[in-house]
Amino acid sequence: MIMTSSTGMEDIGPSVVICNAIMICLTTFCIGIRFCTRFFVTKVYGWDDLCLGVGYLFAMVLCVCSIIETRYGLGRHISTVSPEDLGTFLKYNFAAELAYIFSFVASKLAFVFIYLRIFPRSRLRTSSYVLAAILVAELIEESVVVLSQCAPLQKAWNVELPGKCLNLLTFFYVSFGIKLATDIALFCLPIPMLGKLKIGLGKKIGVIFMFSLGLLVCIISIIRATFLQNTSTDITFILPPELNWSTIEVCSLVICACIPTFRAFLRLFPWISRLLDLSTQQSKFTTAPPRSSEILQEDGKDGIKVTTNVRIDHSNGDRDLEPTFIFNNNV
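Residue numbers for the sequence shown follow the UniProt record's numbering, so the first one is 1 and each next one is one higher.
These are computed hints drawn from the structure, not numbers from a lab.
There's no promise every hint is true.
[As the list claims (entries may be wrong)] In the SDA-like style, the derived pairs of lysine to any residue whose C-alpha atoms are separated by at most 20 Å in a straight line are: (1) K91 with I238; (2) K91 with V144; (3) K155 with L116.
As the structure is a computational prediction, the values presented were derived from the model and not from experiment.
Input sequences plus hints: build the corresponding full structure.
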């Protein structure tokens, strides 16, 4: 969206404002539903909620910084931006870079914790821990690069300051490759396990589709990568498309993680549940047969048999653990 400002200059800044405003509204709506469900319906929350909350906050920082940047030249040719405005723009852009990194990793970690809760006793746990370690390493590596891109650091937003800065274009492409790989791993890992859930075929397809929506993030990442280019010449004018897709990318992660709680949220509005035929009496999820729970029994110490009953909660669609302890007097 290229518009002409009141001074007759080309300005694509409005596209940044519109895109980020829409993502703020959508993401806030979805995260609001998730937290309302967690605190007022299921009253169950964990590390995934904490990570997702952090991811949401940093996503909002990214959105707000992007919108503010339009006030200081984002969307206009750099030749029309005053040195003072350019310095302020670069400060907010620096903050936006860090916000993107933290939001992306925190939201992905939320998915890892979701998997650890849904699949408590499977090979997926080991893969999830490995993926979590990779994500933390990615966070540290990218943060260090961004924070050390210039010497001194202030030169990142004060171009007149003596010093040197790295050309981050190569780093951005390497980072894209790592992010895409973790995206694919993150959203493909649970699919084989979802296929083993003891539910009807139609319901099983629905659950698999719900988790597979995360693969949309992979497509968004690829689209964003097509806009990566050397921004050293006219950064204020060529940056908006990349910035918009960065916002869409991190906000989509948060939204995808909130989707499983939408159905449980309807418990706050029984009339909607009845209207949509989604009442708890007609839950779309069923618990596993008794024989399945026997597989999860373990003989513990001192004659204590530990049984973990796995159920799929009708209220939130998440799979929860209910550990029980059975004292075996025959030992």
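Results for each hint:
1. K91 with I238: holds (17 Å)
2. K91 with V144: Holds - the C-alpha atoms of V144 and K91 are around 17 Å apart, at most 20 Å.
3. K155 with L116: violated (43 Å)
Figure legend: structure checked against the earlier numbered hints; the only hint not met is number 3.
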